[in-house]
Amino acid sequence: MRILIVDDSDIDLCLLEQALQKAGHQVDCARDGEEALNWVRQGAHRLIVSDWEMPHTNGLDLCRKVRAVSVNYVYFILLTSYRNPGDIVAGLSAGADDFIAKPFHPEELLLRVHAGERILSLESRDLVVFAMAQLAESRDHATGLHLERVRCYAQALTHRLMALPEFADRIDDRFARWIYETSPLHDIGKVGIPDAILLKPDKLTSEEYAIMRTHTTLGASTLDAALKQFPDAQFLRFARDIVACHHERFDGSGYPYGLAGEAIPLCARIVAAADVYDAYTTTRVYRRAVPHEEAMKIIVAGSGTHFDPRIVAALVDITDEFARICRELADPPAVLPSPAIAASHAQTPRAPGRELAAV
Amino acid sequence: MPAIKSDSGESTAAAGRKSPAAVFDLAALVRRSMNDRSLAAMLVEKFTARLARSVEDIQQMTAASDWHAAAAKIHTLKGEAGSLAAVHLHAAATRLEQCLRAGRYAEAPSHLSDVQGAAAECLASAQAALSQLAAGADIRS
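Chains as they are written, first to last, in the working numbering: chain S, 905 to 1263; chain Z, 95 to 235.
Calculated from the structure, these hints are not laboratory results. Mixed in with the good hints, there may be bad ones.
Claimed, not checked - Taking CB as the label site, the calculated pair distances span:
hint, chain 1, residue 1, chain 2, residue 2, range
1, Z, Gln192, S, Ala972, 32 to 38 Å
2, Z, Arg144, S, Ala927, 37 to 43 Å
3, Z, Ala158, S, Gly947, 40 to 46 Å
4, Z, His162, S, Thr1223, 54 to 60 Å
5, S, Glu939, Z, Gly197, 30 to 36 Å
6, S, Met1036, Z, Arg144, 55 to 61 Å
Backbone N, C-alpha and C fix where the C-beta goes; we use that ideal spot for every residue, glycine too.
Based on the provided sequences and hints, a complete structural model is requested.
Set out below in structure tokens:
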């Protein structure tokens, strides 16, 4: 990793550089805050180790400025002899991620840098997951910004539910982070669906619908294979629940397993509502989008049957936020469906057909 | 190649003069230098070359009651002494810095005297420390 070290002491700079270079890192040095910011603006460093007490721009001020100017997240370690809780609070409030006591021990320095690398790799994981989901969607050109919208809807719903006492012990910050990161994977099983079915503009036959429905179990199998290699990866288990169960219905009439009520994983119940809302409010080749208000009526009508009533209630609470996301992440204008195709997909909340098969 | 062991005891070589290993914890310094003795030696040379001037600057700042500047300067000296494992100087500089930052200025002359004494020990021991560091090839773990 390319690391920037900042210290007004040339002796300390030398020792820090030596320790980090011996561990294989590429190191750049700055003697003061302004020199450091010149490096930061180049965007080449993901990790900075900075002395706290420096003339003109101290380590705290540098950290605040780095947070303000950096496009990508920069892991910031403060090197300090300050130890009292007030100083620690000041450092963390300025945005520092970690501290190393002076005089530093090379072993501790390298371990804390390694911890920073682990944190930064989580960001990479999010990028990889989203890229995989985009690849799975890429054959279906009509989906546009569907993945971005679904993850935003799911996150908004999760934050609303998090505030409710009945969900306090089930939804925490990690749940909220995971649902944002993994909800784009919900249709990853579509890669196994033939083009003739996935891209068919007309209504699916019952046989074709049965094949389409297998995208849930296909996606789950893919993640099961990954879980065999990494059985402790809770993140993957969470994703698997969404992939497998986002088409289950609260009354047990969904697929693939016919789960009902609380047996459906909570994350899947949340993504189900987000996914269906997005399906109704976006235009596809075979169907026009319905306005936000109409989509809300359809969702509310499905409370207790299709959807968990508490999730529907939460969605109603944040209806304006859903409308805002829908507006701000709208797809560019698409080719409108022909009247004949649109008529063949006339909808009721429980009408089978291409729309709800794709949903 | 002689091993460098940390030795906090007094040297018997000269009255009142500590052994270089008591003034500088050379084992700790070599470890912090990732076993690069030539780097450790270069840093000791650099530090001791400007040590007298640094202490003099601090003395002038305290004499002028420029407490903020004195605290900043002693902070830097403390940090470098710590990094180079100049144990007594680091401890004396820490005490002086703490009294300045706490506003206990009346105690400054006493603590400054300790700093001056510890600095003198560093200067007296520097050559011997450099000789010990130079003995043998660089150690790479």
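Hints, one by one, checked against the model:
At about 33 Å, the CB distance of Gln192 of chain Z to Ala972 of chain S agrees with the hint of 32 to 38 Å. Judged by the Cβ atoms, the range 37 to 43 Å given for Arg144 of chain Z and Ala927 of chain S is violated: they are separated by roughly 29 Å. Between Ala158 of chain Z and Gly947 of chain S the Cβ separation comes to about 44 Å, which falls inside the hinted range of 40 to 46 Å. The hinted window of 54 to 60 Å between His162 of chain Z and Thr1223 of chain S holds, with their beta carbons roughly 57 Å apart.
The hinted range of 30 to 36 Å is satisfied by Glu939 of chain S and Gly197 of chain Z, whose Cβ atoms lie roughly 33 Å apart. Against the hinted window of 55 to 61 Å, the Cβ-Cβ separation of Met1036 of chain S and Arg144 of chain Z comes to about 57 Å, which satisfies the hint.
Comparing the model with each numbered hint stated earlier shows that hint 2 is the single one that does not hold.
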